[in-house]
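Enquirer: Keeping the supplied structure of chain F fixed, place chain Y upon it in accordance with the hints.
Those sequence lines, one after another, are chains F and Y. Here my numbering is used: position 58 in the first sequence is 58, and no number is missing along the way. Here my numbering is used: position 174 in the second sequence is 174, and no number is missing along the way.
Just so you know, the hints here were simulated from the structure itself, not pulled from any lab data. Incorrect hints may appear among the rest.
[Unchecked claim] With a Cα cut of at most 20 Å, we get these calculated SDA-like pairs of lysine to any residue:
| hint | chain 1 | residue 1 | chain 2 | residue 2 |
| --- | --- | --- | --- | --- |
| 1 | Y | Lys203 | F | Gly173 |
| 2 | Y | Lys203 | F | Gln175 |
| 3 | Y | Lys206 | F | Pro171 |
| 4 | Y | Lys206 | F | Gly173 |
| 5 | Y | Lys201 | F | Glu77 |
| 6 | Y | Lys91 | F | Gln175 |
| 7 | Y | Lys201 | F | Gly176 |
| 8 | Y | Lys201 | F | Arg169 |
[Stated by the list, open to error] Where chain Y lies over chain F, by a calculated footprint (3+ residues, C-beta under 8 Å):
| hint | stretch |
| --- | --- |
| 9 | 22-32 |
| 10 | 121-130 |
| 11 | 175-189 |
Quick reminder that beta carbons are idealized off the backbone N, C-alpha and C, glycines included.
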Amino acid sequence: MSSSSTGMLHLAIVLFTAVFTDNILLARFLGMCSFLSVSRQVKTAVGLGFAVVFVMTFTIALDWFAYRYILEPYAIEYFRFILFIVIIAAFVQFIEMAIERYSPVLYQNLGIFLPLITVNCAILGASLFMVIREYNLLEAIIFGFGSGVGWMLAIVAMAGIREKLNSARIPRGLQGPGITLIIAGIMALAFIGFTGVLTGR
Amino acid sequence: MVAAKRTRDVVLTAIWGENPVFRQILGVCSALAVTNLVLNTMVMGAAVIFTTALSGLTVSLMRKYTPRIIRMMVEVLIIAFYVILFDQALKAYWPDMSRNLGPYVGLIITNCIIMGRAEAFANTNPPLLSFLDGLSSGIGYSLVLISVAVVRELLGMGSLLGVGMPFFSSSIWDRWIIMVMPPGAFFTLAVIVWIARTVQKDKERKDTKVKK
Chain F
1 MSSSSTGMLH LAIVLFTAVF TDNILLARFL GMCSFLSVSR QVKTAVGLGF
51 AVVFVMTFTI ALDWFAYRYI LEPYAIEYFR FILFIVIIAA FVQFIEMAIE
101 RYSPVLYQNL GIFLPLITVN CAILGASLFM VIREYNLLEA IIFGFGSGVG
151 WMLAIVAMAG IREKLNSARI PRGLQGPGIT LIIAGIMALA FIGFTGVLTG
201 R
Chain Y
1 MVAAKRTRDV VLTAIWGENP VFRQILGVCS ALAVTNLVLN TMVMGAAVIF
51 TTALSGLTVS LMRKYTPRII RMMVEVLIIA FYVILFDQAL KAYWPDMSRN
101 LGPYVGLIIT NCIIMGRAEA FANTNPPLLS FLDGLSSGIG YSLVLISVAV
151 VRELLGMGSL LGVGMPFFSS SIWDRWIIMV MPPGAFFTLA VIVWIARTVQ
201 KDKERKDTKV KK
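In isolation and in its complexed conformation, chain F is listed as follows (with noise of 0.2 Å):
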């Protein structure tokens, strides 16, 4: 029983890392592209945010198998960028299909968003970190989940931020990137101040 509650407080720890501590986008730089163009509205982030979740999940669990199956039986992990790469646009792909064929509200709202998510290096990113730190397949699914929940509340607090700024008087030369990277680092400064939490210290 002991070892099972510690098992869960394990996974409870990776996904609180994930979603906050060691964040994808502010601490691991992943995720930039979008997260720099698609966060003008509210609205459209959750859209693209939601989409990220749900194929980080999936195709972090694909992969792992994949790495666990196929490459690794056969040492050719140098293969796995190809791989991965694959995987990920023929799920993306897939679900594109699925979506617009049993659900066209589903496919209007999310739709749209899928074909900007096999170009976003945060899906790729997340696979990679999971073989580095040679996660099971549980801790991979909690890991891909959690990194997925942390860049939705990336983007969609900048979303926010950004839809105040309109008003604002920004200098010419700081206005689009500049600020938002500005922005983006007060941000990782507010999420390093979790790492507390997890110590205790």
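Expert: Relative to the frame of chain F, chain Y by itself:
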């Protein structure tokens, strides 16, 4: 003469005028994370230059034989091929550095700059010019990252390339630890983009050039 001028134009636009980082903040994802140390950044820059230049050359060489419909797929595979080469070489000859860079070398594949150059330039231009374009895009990108890294390592650790700098490594200078942590990267890049954009905008106004 005309060819020489064209070559120079390609190189200069790629490094300064259309520098992908200043203009669109493209491709920072795969590399901003390693800018806390100048040495890491230089290796990362070398990886990007290697990949952009050679993938530009290869895409251009194969442009007449690639069916248009699978063009993107072929480009991704070519880029991935060079990234894997670099990653394996690094792992074999410099394992410490390979561990430091972690997954970021592999993430060069999804770097929008490389794909962007392959799509926008190498697809329609002769091999040698595409090679040069890739080379200079890579150099332009690396220069920005290295300048970020110089600021971060100097202010955060008081050193450059691991060697203590006068003044900054002495006790007078209170090290800004925040600079080697993630927020430092955002702030430094923001300031560099700010400076570059202001300079470029002033120049554009002087040229009174109408934006496309």
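Enquirer: Now tell me if each hint is right for this structure.
Expert: Cross-check of the supplied hints:
For the hint linking Y/Lys203 to F/Gly173, the alpha-carbon distance of about 12 Å falls within 20 Å, and the restraint holds. As the CA atoms of Y/Lys203 and F/Gln175 are separated by approximately 17 Å, the hinted pair is consistent with the 20 Å bound. Distance restraint check for Y/Lys206 and F/Pro171: the Cα-Cα separation of roughly 19 Å lies within the 20 Å cut-off, and the hinted pair is therefore satisfied. Straight-line distance between C-alpha atoms of Y/Lys206 and F/Gly173 comes to about 16 Å, which keeps the hinted pair within the 20 Å bound.
With a CA separation close to 47 Å, the supplied pair Y/Lys201 and F/Glu77 exceeds the 20 Å bound. A hinted pair counts as satisfied when its Cα atoms are at most 20 Å apart, and Y/Lys91 with F/Gln175 does not qualify at roughly 41 Å. The suggested pairing of Y/Lys201 with F/Gly176 holds, with an alpha-carbon distance near 14 Å, which does not exceed 20 Å. The straight-line distance between the Cα atoms of Y/Lys201 and F/Arg169 is roughly 18 Å, inside the 20 Å bound, and the hint therefore holds.
Taking a C-beta to C-beta cut-off of 8 Å, the stretch 22-32 of chain F contributes 7 residues in contact with chain Y, enough for the three needed, and the coverage statement holds. With a threshold of 8 Å between beta carbons, the proposed coverage of the stretch 121-130 of chain F by chain Y holds, since 6 of its residues qualify and at least three are required. A stretch counts as covered by a chain when three or more of its residues have a beta carbon under 8 Å from one of that chain; for the stretch 175-189 of chain F and chain Y the count is 10, and the coverage holds.
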